[in-house]
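Asks: Make a model of the complete structure from these sequences and hints.
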Amino acid sequence: MSAVVEFEEVVAVAGSFPVLTGLDLRVDQGEVVLLRGENGAGKTSFLRACAGLISVSSGDAHVLGFDMRVDRRAPRRYIGLLGHENNLYRDLWVREHVEFRATAAGAAESDTDAALIRVGVSKKLWTVPIGSLSAGQRRKVAIASLVVGRPRLWLLDEPHASLDTESRENLDLILAEASQLGATIIFASHESPLTKGIASRVITMGGGRVLEDSGAS
Amino acid sequence: MTSVTHSNAKMTATATTRVLGVLAIAATALMTVLGLLISPADVIQGEAVRMLYIHVPSIWIAYGAFVLTSVSSILFLRGRKRREDRGRHYDRLAGSAAEVGVVFTGITLVTGMLWGKVTWGTYWQWDARLTTTVLLFVTYLGYLALRRLPADPIVRSRRAAVMALISFVNVPIVHYSVDWWRTLHQKASLSVGRRPEITGEMYWTLLYSTLAVTIVAAWLIIHRYRVIRLEELRDEETLAALISSRLDKDDGSN
Amino acid sequence: MLAETLLVARKDLRVEWRAKIALGQVAPLALLILVVLAFALDANSSLLELGAGGLYWVAVLYGGTLLIQRSFDVETDDGNMDAFRMSAIGAPSLFLGKSLALFVQIGLLELVLGSGIAVLYNVRVADWWLLLVAAAAGTVAFSVCGVLWGAMSAGLRVRATLLPLLLVPVLVPILLAGSRAFETALGVRADAGWTWASLMLVIAAVHTAIGFGAFGFLLEEG
Amino acid sequence: MSEVATVVTGWGITIFVIATYSIWVVSRGKAIGQELGIGEMEQLDPRKDAGATTDL
Chain R
439 MSAVVEFEEV
449 VAVAGSFPVL
459 TGLDLRVDQG
469 EVVLLRGENG
479 AGKTSFLRAC
489 AGLISVSSGD
499 AHVLGFDMRV
509 DRRAPRRYIG
519 LLGHENNLYR
529 DLWVREHVEF
539 RATAAGAAES
549 DTDAALIRVG
559 VSKKLWTVPI
569 GSLSAGQRRK
579 VAIASLVVGR
589 PRLWLLDEPH
599 ASLDTESREN
609 LDLILAEASQ
619 LGATIIFASH
629 ESPLTKGIAS
639 RVITMGGGRV
649 LEDSGAS
Chain D
202 MTSVTHSNAK
212 MTATATTRVL
222 GVLAIAATAL
232 MTVLGLLISP
242 ADVIQGEAVR
252 MLYIHVPSIW
262 IAYGAFVLTS
272 VSSILFLRGR
282 KRREDRGRHY
292 DRLAGSAAEV
302 GVVFTGITLV
312 TGMLWGKVTW
322 GTYWQWDARL
332 TTTVLLFVTY
342 LGYLALRRLP
352 ADPIVRSRRA
362 AVMALISFVN
372 VPIVHYSVDW
382 WRTLHQKASL
392 SVGRRPEITG
402 EMYWTLLYST
412 LAVTIVAAWL
422 IIHRYRVIRL
432 EELRDEETLA
442 ALISSRLDKD
452 DGSN
Chain F
624 MLAETLLVAR
634 KDLRVEWRAK
644 IALGQVAPLA
654 LLILVVLAFA
664 LDANSSLLEL
674 GAGGLYWVAV
684 LYGGTLLIQR
694 SFDVETDDGN
704 MDAFRMSAIG
714 APSLFLGKSL
724 ALFVQIGLLE
734 LVLGSGIAVL
744 YNVRVADWWL
754 LLVAAAAGTV
764 AFSVCGVLWG
774 AMSAGLRVRA
784 TLLPLLLVPV
794 LVPILLAGSR
804 AFETALGVRA
814 DAGWTWASLM
824 LVIAAVHTAI
834 GFGAFGFLLE
844 EG
Chain B
91 MSEVATVVTG
101 WGITIFVIAT
111 YSIWVVSRGK
121 AIGQELGIGE
131 MEQLDPRKDA
141 GATTDL
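Residue numbers (the numbering used here), protein chains in the order written: chain R, 439 to 655; chain D, 202 to 455; chain F, 624 to 845; chain B, 91 to 146.
Simulated from the structure, these hints should not be mistaken for lab results.
Be a bit skeptical, because a hint or two may be false.
[As the list claims (entries may be wrong)] Pairs of lysine to aspartate or glutamate residues, derived as EDC-like cross-links and limited to a Cα-Cα distance of at most 16 Å, are as follows:
no., chain 1, residue 1, chain 2, residue 2
1, F, Lys643, F, Asp696
2, F, Lys643, R, Asp529
3, D, Lys318, B, Glu93
4, B, Lys120, D, Glu433
5, B, Lys120, D, Glu432
6, R, Lys562, R, Glu547
Replies: This is the structure in structure tokens:
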């Protein structure tokens, strides 16, 4: 198995606060990793460091084979990131938005409808401004914007937040399917009882490092 | 750990800067004597010509400082590993030079306005060089404002470097557009290849004043640089303390 | 890259089309500025006619700054900038795309302002070509500078005050040249209007080149 | 204002500004230096002194 994420002694700083304090972690292709930990444990920062959005100040970091200390932009086009925020243009219509994200990710515009259906956004909402949607619907549009780009590495921060039970199960299905097709998934969640099922490995973080790793070899 | 950090840190003073500081004070004193007492009054401008011994070197130094800011900014942006000390060195240099440049631009404006009051009979003329200088002043005040904002240091430095470059490219554009607009100012006072209009003792006084002001500016830039370096050191220590305290706490609780 | 540029521009324009901030709020506000300026000059018709060129560019500066801020509020809202960084779209395309969208919006604003000035200040156009070339060059310079400085102040807490402080000194040559060129175009001053217009073209080209090269540095965080 | 008075004012302002700025820079440097326990002068001969430098 090839390593998708390989962090060694990684220290990262946001502003003037150390968010990662010597993190060691290797995630192989096809794994579904659940990140746990209290608020401020470094889950979000780890995901953002994997996406190359925060730079690594010391240690070694490779993502999808790219050295993040040399060029942290290189792997981004193969990564789908869903943060706390949904990254939605609230003035655009649902379909327009997903279409835009599809094209921006280099996918075909025609994949849009399939992605929206797969995530379960009802057709009635496709021509509605995103700003007028409920929180759960917005989350679904954000997930559809991700699905449409077919990333090789999924980085999800509390993806289940504000989704109802049915949508959660549907998301788990989508993730399981993607991992079977060879994608790697790392997601952070507080609600471990609900989501543990799809995870092949559980990592507990604290103080910007790994505290416990169920899959450590 | 403290001794390691401190051994490569610049101290607040060195023998070289001590000498430079004493030299700066002596040079300024001599400049005052030469400019205010020894050099003669001008036939046409009278005593007002003495203002030029500050005014003209100040703007040259200001331009020199802004050139330094721009060159440092280019070198900063070119450096690939910006977190390493070499890159941050250029960033500090850019910041300190810009601040000293702003101080001297301010002095240029004040002395220029006083000179104008005596020579033209008014503090302000919408003349090309005065207008350009005031815009230069505001532009670099904006640059300093950008540098002071609370943000990630690397992000801020990078944005500031881009701003320094754009501002510098913009200086000639501003100058020529305002110059076309109107020109009242006397022609450049001292330029290579042309016979200077200021001659004899006045010429030498102006030349000497430039040297003296250069020494003062160099001393200021070096010390300002050190203050930035010290501020960064302080931040780094706070950060190191934060990292170790996080580690200790987590080790204890688990 | 052309496709990416158009994609970004189309997105920005679609956002504007759905929200109608530029046409619904900024344009009326800019028209209001024209009225207020007339109050300041005591509705002196000959003064207004003489100063129309300069007042036009002051109003454009005001409205344009609001549009620039809006253009980057859209990106910083809901963490959209992250999605941009994660996308395959390169910094130059993003720069050109946003500039293009801003060009269209400021152009529309100018159309409204131009009609307003024609009616309110009673001006007549002596040289249409000069007027159009100067307006186009000025709008390009406005847009590219706007995107550059918008990105420079994006995400900073005090951007509402910082953006104008950084932007205006850079735009001074454009405001100056635009005012002079318009005065010639409106026939109130027999000046070298075309020289001013060509200066505007040069400025627009210089800033486009800078933005093209430097925009990437402004996007990266941390 | 007479020419002489204007000239003296100009020089006075300049010297005042430069002096104030210099004092501000130096004192700020010293303040942070003290906070960090850095000595004022560089160690001229590192072999002589292994500990922290705080002379003057």
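Asks: Would the pair Lys120/B and Glu432/D pass a check requiring their Cα atoms to be no farther apart than 16 Å?
Replies: Status holds; Cα separation ~11 Å.
Asks: Holds or violated: Lys120/B with Glu433/D, Cα cutoff 16 Å?
Replies: Answer holds: Lys120/B to Glu433/D is near 14 Å, not above 16 Å.
Asks: Between the alpha carbons of Lys562/R and Glu547/R, is the straight-line distance 16 Å or under?
Replies: The given pair, whose Cα atoms are some 19 Å apart, is violated under the 16 Å limit.
Asks: Does Asp696/F lie within 16 Å of Lys643/F when you go C-alpha to C-alpha?
Replies: 14 Å, holds
Asks: For a C-alpha distance cap of 16 Å, please report whether Lys643/F and Asp529/R respect it.
Replies: 10 Å, holds
Asks: Lys318/D and Glu93/B: Cα distance at most 16 Å?
Replies: 9 Å, holds
Going down the numbered hints, you'll see the structure goes against just number 6.
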